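There are 4 protein chains.
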Amino acid sequence: KHRVRLLISCQDQPGIVAAVSHFLHENQANIIQSDQYSTDPSGGIFFMRIEFELLEMIEPNKLEEKFKGVAQRFQMDWRFSYANHIKRMGIFVSQQDHCLLELLWHWRSGDIVADIPLVISNHPKLRDDVEALDIPFHYIPIDKTNKQAAEETQLALLKEHNVDFIVLARYMQILSPEFVVHYPNKIINIHHSFLPAFMGARPYERAYERGVKIIGATSHYVTNSLDEGPIIKQGVKEVSHKNNTNELKRIGRITERDVLADAVSLHLEDRVIVYQNKTIVF
Amino acid sequence: KHRVRLLISCQDQPGIVAAVSHFLHENQANIIQSDQYSTDPSGGIFFMRIEFELLEMIEPNKLEEKFKGVAQRFQMDWRFSYANHIKRMGIFVSQQDHCLLELLWHWRSGDIVADIPLVISNHPKLRDDVEALDIPFHYIPIDKTNKQAAEETQLALLKEHNVDFIVLARYMQILSPEFVVHYPNKIINIHHSFLPAFMGARPYERAYERGVKIIGATSHYVTNSLDEGPIIKQGVKEVSHKNNTNELKRIGRITERDVLADAVSLHLEDRVIVYQNKTIVF
Amino acid sequence: KHRVRLLISCQDQPGIVAAVSHFLHENQANIIQSDQYSTDPSGGIFFMRIEFELLEMIEPNKLEEKFKGVAQRFQMDWRFSYANHIKRMGIFVSQQDHCLLELLWHWRSGDIVADIPLVISNHPKLRDDVEALDIPFHYIPIDKTNKQAAEETQLALLKEHNVDFIVLARYMQILSPEFVVHYPNKIINIHHSFLPAFMGARPYERAYERGVKIIGATSHYVTNSLDEGPIIKQGVKEVSHKNNTNELKRIGRITERDVLADAVSLHLEDRVIVYQNKTIVF
Amino acid sequence: KHRVRLLISCQDQPGIVAAVSHFLHENQANIIQSDQYSTDPSGGIFFMRIEFELLEMIEPNKLEEKFKGVAQRFQMDWRFSYANHIKRMGIFVSQQDHCLLELLWHWRSGDIVADIPLVISNHPKLRDDVEALDIPFHYIPIDKTNKQAAEETQLALLKEHNVDFIVLARYMQILSPEFVVHYPNKIINIHHSFLPAFMGARPYERAYERGVKIIGATSHYVTNSLDEGPIIKQGVKEVSHKNNTNELKRIGRITERDVLADAVSLHLEDRVIVYQNKTIVF
Numbered sequence: 577k578h579r580v581r582l583l584i585s586c587q588d589q590p591g592i593v594a595a596v597s598h599f600l601h602e603n604q605a606n607i608i609q610s611d612q613y614s615t616d617p618s619g620g621i622f623f624m625r626i627e628f629e630l631l632e633m634i635e636p637n638k639l640e641e642k643f644k645g646v647a648q649r650f651q652m653d654w655r656f657s658y659a660n661h662i663k664r665m666g667i668f669v670s671q672q673d674h675c676l677l678e679l680l681w682h683w684r685s686g687d688i689v690a691d692i693p694l695v696i697s698n699h700p701k702l703r704d705d706v707e708a709l710d711i712p713f714h715y716i717p718i719d720k721t722n723k724q725a726a727e728e729t730q731l732a733l734l735k736e737h738n739v740d741f742i743v744l745a746r747y748m749q750i751l752s753p754e755f756v757v758h759y760p761n762k763i764i765n766i767h768h769s770f771l772p773a774f775m776g777a778r779p780y781e782r783a784y785e786r787g788v789k790i791i792g793a794t795s796h797y798v799t800n801s802l803d804e805g806p807i808i809k810q811g812v813k814e815v816s817h818k819n820n821t822n823e824l825k826r827i828g829r830i831t832e833r834d835v836l837a838d839a840v841s842l843h844l845e846d847r848v849i850v851y852q853n854k855t856i857v858f
Numbered sequence: 577k578h579r580v581r582l583l584i585s586c587q588d589q590p591g592i593v594a595a596v597s598h599f600l601h602e603n604q605a606n607i608i609q610s611d612q613y614s615t616d617p618s619g620g621i622f623f624m625r626i627e628f629e630l631l632e633m634i635e636p637n638k639l640e641e642k643f644k645g646v647a648q649r650f651q652m653d654w655r656f657s658y659a660n661h662i663k664r665m666g667i668f669v670s671q672q673d674h675c676l677l678e679l680l681w682h683w684r685s686g687d688i689v690a691d692i693p694l695v696i697s698n699h700p701k702l703r704d705d706v707e708a709l710d711i712p713f714h715y716i717p718i719d720k721t722n723k724q725a726a727e728e729t730q731l732a733l734l735k736e737h738n739v740d741f742i743v744l745a746r747y748m749q750i751l752s753p754e755f756v757v758h759y760p761n762k763i764i765n766i767h768h769s770f771l772p773a774f775m776g777a778r779p780y781e782r783a784y785e786r787g788v789k790i791i792g793a794t795s796h797y798v799t800n801s802l803d804e805g806p807i808i809k810q811g812v813k814e815v816s817h818k819n820n821t822n823e824l825k826r827i828g829r830i831t832e833r834d835v836l837a838d839a840v841s842l843h844l845e846d847r848v849i850v851y852q853n854k855t856i857v858f
Numbered sequence: 577k578h579r580v581r582l583l584i585s586c587q588d589q590p591g592i593v594a595a596v597s598h599f600l601h602e603n604q605a606n607i608i609q610s611d612q613y614s615t616d617p618s619g620g621i622f623f624m625r626i627e628f629e630l631l632e633m634i635e636p637n638k639l640e641e642k643f644k645g646v647a648q649r650f651q652m653d654w655r656f657s658y659a660n661h662i663k664r665m666g667i668f669v670s671q672q673d674h675c676l677l678e679l680l681w682h683w684r685s686g687d688i689v690a691d692i693p694l695v696i697s698n699h700p701k702l703r704d705d706v707e708a709l710d711i712p713f714h715y716i717p718i719d720k721t722n723k724q725a726a727e728e729t730q731l732a733l734l735k736e737h738n739v740d741f742i743v744l745a746r747y748m749q750i751l752s753p754e755f756v757v758h759y760p761n762k763i764i765n766i767h768h769s770f771l772p773a774f775m776g777a778r779p780y781e782r783a784y785e786r787g788v789k790i791i792g793a794t795s796h797y798v799t800n801s802l803d804e805g806p807i808i809k810q811g812v813k814e815v816s817h818k819n820n821t822n823e824l825k826r827i828g829r830i831t832e833r834d835v836l837a838d839a840v841s842l843h844l845e846d847r848v849i850v851y852q853n854k855t856i857v858f
Numbered sequence: 577k578h579r580v581r582l583l584i585s586c587q588d589q590p591g592i593v594a595a596v597s598h599f600l601h602e603n604q605a606n607i608i609q610s611d612q613y614s615t616d617p618s619g620g621i622f623f624m625r626i627e628f629e630l631l632e633m634i635e636p637n638k639l640e641e642k643f644k645g646v647a648q649r650f651q652m653d654w655r656f657s658y659a660n661h662i663k664r665m666g667i668f669v670s671q672q673d674h675c676l677l678e679l680l681w682h683w684r685s686g687d688i689v690a691d692i693p694l695v696i697s698n699h700p701k702l703r704d705d706v707e708a709l710d711i712p713f714h715y716i717p718i719d720k721t722n723k724q725a726a727e728e729t730q731l732a733l734l735k736e737h738n739v740d741f742i743v744l745a746r747y748m749q750i751l752s753p754e755f756v757v758h759y760p761n762k763i764i765n766i767h768h769s770f771l772p773a774f775m776g777a778r779p780y781e782r783a784y785e786r787g788v789k790i791i792g793a794t795s796h797y798v799t800n801s802l803d804e805g806p807i808i809k810q811g812v813k814e815v816s817h818k819n820n821t822n823e824l825k826r827i828g829r830i831t832e833r834d835v836l837a838d839a840v841s842l843h844l845e846d847r848v849i850v851y852q853n854k855t856i857v858f
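Residue numbers (the numbering used here), protein chains in the order written: chain C, 577 to 858; chain H, 577 to 858; chain Y, 577 to 858; chain F, 577 to 858.
Do not take every clue at face value.
A pair counts as met if it fits within one copy or between any two copies, since identical chains are not told apart.
[To be verified] Think about it this way: if two alpha-carbon atoms lie no more than 25 Å apart in a straight line, the pair counts; the simulated DSS-like pairs of lysine-lysine are: (1) 723 <-> 825; (2) 854 <-> 642; (3) 735 <-> 663; (4) 854 <-> 813; (5) 701 <-> 854; (6) 577 <-> 825; (7) 644 <-> 701; (8) 813 <-> 825; (9) 638 <-> 720.
I should point out that these hints are in silico values taken from the structure, not numbers from a laboratory.
A quick note: this is a predicted structure, and the numbers were derived from the prediction, not measured.
Okay, chain C solo, but in the shape it has when bound (with noise of 0.2 Å):
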């Protein structure tokens, strides 16, 4: 199937889906879904994702270059995606094994699409899950010594292997700006609390000591603020005075791995569009 996403964001102004529909059609592209969403009618921002078939399989840039007239008569910040393209994600991960795990089952049974050159882990341990798959595994250990080193490696191979954008499935290292400055929203991170609850180490020893009668986890793309960045997916689930911290952990993997899975299918259908420090989700 030729099929395309085409995201945009630009000021809110009269006539903008007139011409992107009109130039759709013009090209014989089926709208299969399309949403939209404005800060405000008036002067605010304006965003859009449309999803659409073509007849025939256009060449490489023709869509581009033939977009471009509209795309500046209103000052868009856009892009086209191509369904044909599988994203390649790289999978990092430490010693726990629920997110990936469970991002490995959506993938071998087709609800996530996408390809998976790697995954980089700084430690040896859940090598077999991932070779079983034929996924490449590498091992990368990592201390305070050689922190620069080990991140120049990974990013080394991720671009050695094209890697789209990076998910880090419960991966206990914070990443240098000079590592994060390579993927700009394009690193999603699964945090084991609600945040902005809980923000930093140990959140599940924190909510017990607190008493929260709700524990959560937040998936949102990874900035240079730790845990600050653009939210893409919250969950939560109810808890008592009876799930003393470990309870809370256990309780809290569940939740962790379905948000996590979540966000990584958003990302995968291009339905992230993030303005300053938020996302919209379509």
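Keeping the supplied structure of chain C fixed, place chains H, Y and F upon it in accordance with the hints.
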């Protein structure tokens, strides 16, 4: 504000969105929100809801007149709905107060934008609650002998007050086909179960007997098949073996009122399109 | 019915349940429900709530007198609560009606069993809603200059009417330590965020700015640390980028009233034991 | 740890808790958790689950021998369950992997404490997933001609491996009464609908046709009435008109696996008591 909504359904085919958005742009309409859905992009049914603002209010029927060309071209089923026409909602109630009070609270707080020209009940019990808000309350008793006459009285009142749609806020009577025919897809009921489980009478008693661990409520449009009309909204709550039938009823009331209020809001904002026996909810 | 509840906390140690249930059996009590929890079976803190029925009502203080032996043996913190003593609930409110109306609806429907000798407000706005149910409404305006005097007036009214506990139903004033000390773990507040996220003022505005995908409400006992008292109940609802601050408030009101009503019910049924800054909720 | 659980059901009557807790105290048992429920304190059925630790492990059958006196006095239905007897779980599966993988993940992570001596399937497809964890996989094809023989082979394997209970992890075959009789209230099924809605075949197709807005899954003990056995746990997820049958299945898989894993955990911890056709879940 000159806000208008356009609702469309037709055979899916290329060019619909382009034609509609071109029409709106030509008529100086600024699109606020737009939703569409197709049962199948190749030859399915296409549904659309566009909310837009006109620069200045147009004469009655002018927009309709102009749109006819577009509509005929695609053989659309269509209508414009004008936000400055406040819908007139008739409420039917029996003895239970929770759904009625919920609607009245949302109404007085401005969350539900409607006129309520009358409340009709087969019991006098809730008169004070209604009249305290200066809404006329009509007590029309119903028994086996007078049902037809009572419904005729109800219909006369509804017509007299130009009621647009009816909400059965736990009205414990079954409306006759002769009544329903006057308000197709315009009578909203709340059934106190998670349909299609426990259709018909005494759902909480049957839920208790079955030992379900979740109970629900369902808001749907009334058709002549009892509890089988198009579902607008459903909600659920967890229960346990500890909850006897009375407690299921108490817990259920919270869900019933929430679900009904949501369904009424969706209807008021023209977000519900009925197709065959299902709803598209934008 | 001669229904009584016994609440216990003490150092966990062997024989507590045997001693308590033996005592109750000796006194012809039929146990209806019993819950217990221990922070750690070896040397932790043990909590228990037993609800039972007496064959015939016992003289005041007789049961307490008899139980002293058991209590001393295990160095218990304990109290009996008699269901035939209907608790007296004072409600504080400002201008928003939803939490107040929720409590009043549950009260008139019999779901909340309490006496409401008075509602106190720093605004006259909700007088009619309260007086319509024959509940006295006291308008006590508060500004920077009269806060101490106002609180003294409030306290005098509360004492005069033998109020057992206070519900802050969106009362937009901070109570002074001098006030709070009179009702330790007996003032129930509803905070309009998912604590500990967004403590303090304007939580919905801040939730909107952060771009969270779920909002919440928290009911807790009031202490002298703002929004940091023991949490009784929390609730959440999903939101999206489409919801502006006003819509977050509208959506949040539903959660706030549900969470507060649940917390009040739990308190009324003596289901909440406070230990350190957390609650055990049976 | 010498942890033991005692499960009791009997006619409600005064003195049960006193007698049981006295017995445990006498035998140096430290109660960890205790739950009870009575269908009606005057003459209903009383249910109890007590989890306790013995100072030192008692000889087999010694506790049972001692308890007989108490049990006879109240005509109890009762059993002790010893945590050091790890329950042996047989898993039946067909071609879908999600419920199987979920159980295996919880098992390897230690959340589910059980021995899994075998997995039986009527398809060879999931052999590798099972054998990768060193669990024997038995492929027993079933068709119309060999059902009885296949069930006999299954039963022989189950007996040979001392299987305590069976989990049907989306096993798409109906067990015969001759099979079920061997494992009364010991076969846990997951049905892919919110029972009693959509009993029988193709629930997602029927949910789509009905246009429900919430789908669910139900875990229950298998009886000879298809999908009518005692419900252990239910879960739900919201859906919309946008979700076709395949998407309902995809969404439903998440609920199915969560609900089944919860039900299996409850069973393993002896938290489920079946009475008539319902469960008490402590």
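Results of checking the hints against the structure:
1. 723 <-> 825: neither (28 Å within a copy, 44 Å between copies)
2. 854 <-> 642: For residue 854 and residue 642, neither the intra-copy (30 Å) nor the inter-copy (40 Å) Cα distance is at most 25 Å.
3. 735 <-> 663: within (14 Å within a copy, 49 Å between copies)
4. 854 <-> 813: So residue 854 and residue 813 pass the 25 Å test inside a copy (23 Å) and across (18 Å) alike.
5. 701 <-> 854: This pair counts as neither: shortest intra-copy Cα distance 35 Å, inter-copy 37 Å.
6. 577 <-> 825: between (43 Å within a copy, 23 Å between copies)
7. 644 <-> 701: Cα proximity of residue 644 and residue 701: none, with 49 Å in one copy and 50 Å across.
8. 813 <-> 825: For residue 813 and residue 825, the Cα distance is within 25 Å both inside one copy (11 Å) and across copies (22 Å).
9. 638 <-> 720: neither (48 Å within a copy, 57 Å between copies)
Against the hints set out earlier in the document, violations occur for numbers 1, 2, 5, 7, 9.
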